[in-house]
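Colleague: Read off the chains here:
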Amino acid sequence: MAKLSRRAFLTLTGAGALGAGLQSLDAKPRLLRALTPEEQVAAQEREDTWRVTICQQCQAGCGILVRVVDGRAVKIDGNPLHPISSGKICPKAQAGLQVLYDPDRIKGPMRRVGARGEGRWEQVSWEQAIDEVVGKLGELRSEGQSHSVVFLAGRVLGQMQGLLKRFCDAYGTPNYVTHNSLSASATEIAHWLTQGQRQFYGYDWENTSYLLSFGVSVVEAWRPTVRNAAAYGFMRRGRPGDRFRMVQVEPRFSITAIKADEWVPIRPGTDAALALGIAYVLITEQLYDDDFLSEHAFGFEDWTDDDGTLHMGFRTLVLRDYPPNQVEAITGVPAETIVRLAREFASSAPAVAVGDRGISMWSNGVYNQMAVDALNALVGSIDTPGGVLTDRAAPFFPWPQLAPDTVAEEGRAQARADFAGTRQYPLADEVYQQLPKSIIDDVPYPVNALFLYYTNPLFSTPQVRDVYQAFEKLPFIVSFSPFLDDSSSYADLILPDHTYLERLHDVSPPPGLGYPVVGLGQPVVAPLYDTMHTGDVLLQIAHRLGETVSQSFPWASFAEVVQYRVGGLWRSETGDITTTEYEFFWEEFSRRGVWVDASYRFGDWDRVMATPSGRFEFYSQTLRDELTRLSDGELDGLLNELRIEVRGDEVYLPHYEPAGQMGDDQEFPFFLNTYKLMAHAEGRGANLPHLQEMLGLHVHRQWESWLEINPGVARYLGIAEGDWVWVESPIGERLKVRAALYPGARPDVLCIPFELGHRAYGRWAKDRGVNPNWLIANQTTPLTGSWEPFATRVKIYKA
Amino acid sequence: MEVNEHEAILRPLEHTGRKFYVLIAFLLAVIGWGIFAYFRQLRLGLGVTGMNRPVFWGVYITNFVFFIGLSHAGTLVSAILRILGAEWRRPFTRLAEAVTVFSLPFGAGSILIDLGRIDRIGQVLLHARFESPILWDVTAVSTYLISSVIFFYLALIPDVALLRDRYAHAPGWRRRLYEVLAVGWTGTAAQNRRLEGIMGWFAIYLSLLVVTVHTVVSWIFGMTIVPGWHTAIIGPYFLVGAIFSGVAAVGVVAAVLRRVLGLQRYITPRHFNYLGQFLAALAIAWFYFTFAEVLTTVYGSEPAHLAVFFAKFREEFSWAFFAMFFFCFLLPLPILAWKRTRTIFGVTLAGLSINLGMWLERYTVIVPSLSRPRLPYEWGTYSPTWIEWSITAACFAGFFLLYTLFAKLFPVVSIWELHEEAPEPSGVREPAGAEAPSP
Amino acid sequence: MARWAMVIDLDKCIGCQSCTAACRAENNVPFAGPEQSELGRAAFWNEVLFEIRGEYPHVEARIIPRPCFHCENPPCVKVCPVGATYQREDGLVLQRYERCIGCRYCTVACPYGVRYFQWFEAEWPEGMDRYQNPDVPLRPKGIVDKCTFCVHRLDEGLPIPACNQACPTGARYFGDLDDPTSEVSELARGPRAMQLLEHLGTDPHCFYLEEGA
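Protein chains in written order, with our numbering: chain H, 1 to 799; chain P, 1 to 439; chain Y, 1 to 213.
What the hints contain is simulated information worked out from the structure, not anything from laboratory work. By construction, the Cβ of each residue, glycine as well, lies at the ideal position given by its N, Cα and C atoms. Please note that a few of the clues may not be correct.
[As the list claims (entries may be wrong)] Reference excerpt, derived from the structure (chain Y facing chain H, CB under 10 Å, subset only):
#1 D9
#2 P30
#3 V48
#4 L49
#5 I52
#6 Y56
#7 P57
#8 D129
#9 D135
#10 A166
#11 C167
#12 D178
Excised from the complex, chain H in its bound form (with noise of 0.2 Å):
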């Protein structure tokens, strides 16, 4: 069948109307066009081709296919190539239609007119705009103040970590803040205490049988996210005869939990008492992996140090406090169902549990991951088929040495605004929601210059009526946003980077596969607008401030920087694309549009294990070191103000302490558990239709919040499906938002989905649902600098 061109359809359509009055319907429609003599000519040899790219709508960085017709991009598949999308792709890839061509995009480098937030711009050139930043910039630092400039960066992908955090060094500020904290930072600190891994970890999901989940998403928000799905299908189908089997210990009835072959309902913050309870049956039961333990572990037994110190181990503990009949008492799950989970797990090898942000972002958050992460040691699956795979970084040519001058190495030294691996938050690398109390109290000095990157901080940030008046007090804000967003609308200026599918950029995927995978992010389309990469206008401002900062970057454009560090694929001779001249390995990468080293070696325990003992450490020395070296001491003050409850070398271990929570229970009964869909889009999906369009999928609700409500809870409370209802919290903020009656929610857990509740951000977002995070209290775990996303009770009435 010949395709059908639009002057055929046209002439169809015509066909056949008797009513020749009433053909005006179809004369003059204002989507179908003639074409003309020249046009359809042009449409003979019309571009119709396939461009390789990185999706970046969220970390995963699956690779992927872009139609481009005629210079427009029309249909986004997924690369075959790419070992995480494997030519698939999840719905947040194909809105990536509507990240290009939002109307509402800015269109080139604006300026604010009139008061913050008061919506006028004026527009300026690149020119212009850089100018005034370097002008800036080389004010403070001449005044010496260069340290007090903030550089908020939020999905960070590819070189521009690297970039932005080198030139903050060779600038002169300590204030190299990513959004870690706010998202599951408590995990990767807690594999770092355990296994000397500060990163996620990969999984061989291929070999898997069975998965213990501890509140992850796995089948809809679990980076990489395509990665995991196709897993799954594979894991159920894929191996005759072995379905796997998954149980998932979560408060709600998410997807995964309706996927999954159990649902453990555990009550909120609670995980490490059960997934050491299960550990008391293996234990007890004698199910664990002896060889593992005796070869890989440290810490299980008792031990001595070197003064003769008698130290108490996993096992001792595990068999003092976490009977099942206890852990019963405090999790809600029943003592049988621990039981039969202990020996399903341990009798299922490979069996994996997993735990992320839904256990680790609690002020016991680091020991909730901690005790899941014990479980994998406690069977032996670490290391090996079906088992966690300990990713290698890509082997990227290294940074040149970078040559700071006075002022640089001055602004470095200062305290960072957040504090992070200070006393007050000894084992973060980063703290962003410390950010607006440091700014509103000047503390430790008064932020001059902001400077946001893939980030919104008011929208994002817990407390955010806190973080409008943290932005009152800053003098000089500027956003590198393509979008008009919550945050960048309170900008001073505008530099509007290109949206993913205009720009060269690198992304290399997180952990997921255990092996290095980079892809190559390369413009299919022409950038629409008057728009810079970033990467490039961070360049233009270092080369202009001059000197050492102009220095520290020996490169044009942010291509020649991913360029650059590539080079150091090629030269490593691994992976699979090996040529004799970088520019055919360039060529090649570009064509393919990822690189990859798809081997994983079994056993390399010294990679695996960077630990102080070389093993898994249920015994935490790294925690026990920094401690001790923060304490100076007095380690039961520093222990009080960590709020850490225990004493001893429980502090050490994986245990479990009660969460702290804001608000007593009486007067706010619920939980608030804030979550992510698979259309979610990390916060940035609310300006896109078609995922607007089918977000709510179990609740039916589309292009609202909504509050996941239990029936019988609801009926009680006379709140019916769909009734509005304010939802109060302990700081003094409320919500209104709609009932959506689940019968999977628990009867003390109300959800607010996270992505909805923007100010700004285009006529899609603005002012449409609730963003909880006004209701959320801006609390830190002080071991981690965590955020605590689940600690703010609320309560609910009919409004």
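Given the coordinates of chain H, assemble chains P and Y onto it according to the supplied hints.
Modeller: Okay, now just chains P and Y, sitting in the frame of chain H:
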């Protein structure tokens, strides 16, 4: 009998009061507003209505079925009662046929209004597919419309001739109108015989046709497998319902015309008594069908059908369901069953009630079934917008306008048929208006 | 002559709605927007259906992606007055957009609710018409449209509808039912295979594989 005796019938043709113009103006205003609403719909799309997914049909299709149902009035009164020899029908025949002729266009019109692409209506002729019940419907309704118009016209001829003669000296267009329409009728015995003969056969033909019309309309629903529609009983059910609403409408129209046009001499309480009894019987018949439907559904308890039933019985459509029952049965039957209340007022009240109830009945047949499709994931509901109500009002106003104009130009009571009441034993007919020859 | 059919493995489907998004992008299905969505008029040629049953904590849910089933005995084709809806020899049930009069009889007759109506002229806000797929005709207002099994791809020799291509778990299969060696025909005859509302005799060309062992 002298023509002068029928002054009452002819007075409206000769005297036009202010009230007439006020009425016309009002009806035109309503129609105008409806046309405005329709053009808005035409311009923007059917999205301006309350229809949605899954309720793809709503008020317009309800109107379609309702108006077609109304149209059964005429055929029943003039054709069927003629065949049955029910003499009391005589004053009603024309006004009932007029209900038929003037309601059918709005029935068919409602379908056209409901179309997404009315500009493509020609496709129905170009590519007609007779496997589709819509084509059965198009065939049946157009046949019925044409046949009814012919029958109506035939029955009009002798009276038009009377008017032609009476107004031979009246100015302009009216005289020409009557002349043309009279087609040279002179009232001879031969002509009378031929007319009687044709009308006799037509009556039989129409009586059979009317059975098909509403049955076929019902089969638009009945031939699908939509729960609540796919019942064997739907044909007879709709047919009885149509006759029910049609006869009720005749009662109302007759009572109104009787009062407004002063026809007390011709349309008497005795007529309404018979009409009322007939209506009572129809009410019981209607109830029988409804009860059988409900009982079968509920007893069988098939989930898809029960879901539809509950939508009507206790969910968002229960108001329509219970109102229907009240207006179709609970209110009218007592009025009609007792002679004491079976007065003109009683029958009129019952008639209005029944028509309201029957409109609701159409609504509760169509909408709840659509709102509860077989796959439970896709349930929805329906709320008509002002566009749909405006167009509905315009349809009713259009009907009344046509009727009013008709009543202004032609006698609503068939004068010549009144004279037929007692035929001469000799079989020789006296022409209307002529002196009776001495025997 | 091929007989095209789709098989969807419900054990693998995770309700991600990638199929829904891909279909919309491929077939130029416009988004309805918030007000129209509220009225239930959002068009999803492929739609993921969700149903939850039970009471906490004994709940279970079904997630069923639903394209048009291109039935062997399509109730919609029967009732179309103008033959705008028709069945091709290879089993596809398609729509002649230029002939449809928008009576919506087919929409009402379909027991699966797979058909959608253009309530208004489709809106493509400033510049968003740039991502329209040139291979698929745009539909004017007032007519019915639905999933075509990506007939434009099929007829160009690419027998993979967009939904199937996007599915990350590999839950969807497509192929020739009459080819005994095809994956689709094997799966469709397998023990887990079933059709929705089988008892209606529509014989959909879309088979679901039940969850579980």
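Colleague: Would you mind marking each hint as holding or not holding in the structure?
Modeller: Evaluation of the provided hints:
1. D9: 6 Å, holds
2. P30: 9 Å, holds
3. V48: Given a least distance of 6 Å, the restraint on V48(Y) holds.
4. L49: 9 Å, holds
5. I52: 6 Å, holds
6. Y56: Result: holds, 5 Å to nearest chain H Cβ.
7. P57: With a minimum Cβ separation of about 5 Å from chain H (threshold 10 Å), the hint on P57(Y) holds.
8. D129: 7 Å, holds
9. D135: 6 Å, holds
10. A166: 6 Å, holds
11. C167: 6 Å, holds
12. D178: With a minimum Cβ separation of about 20 Å from chain H (threshold 10 Å), the hint on D178(Y) is violated.
Hint 12 from the earlier list is the only one contradicted by this structure; the remaining hints agree with it.
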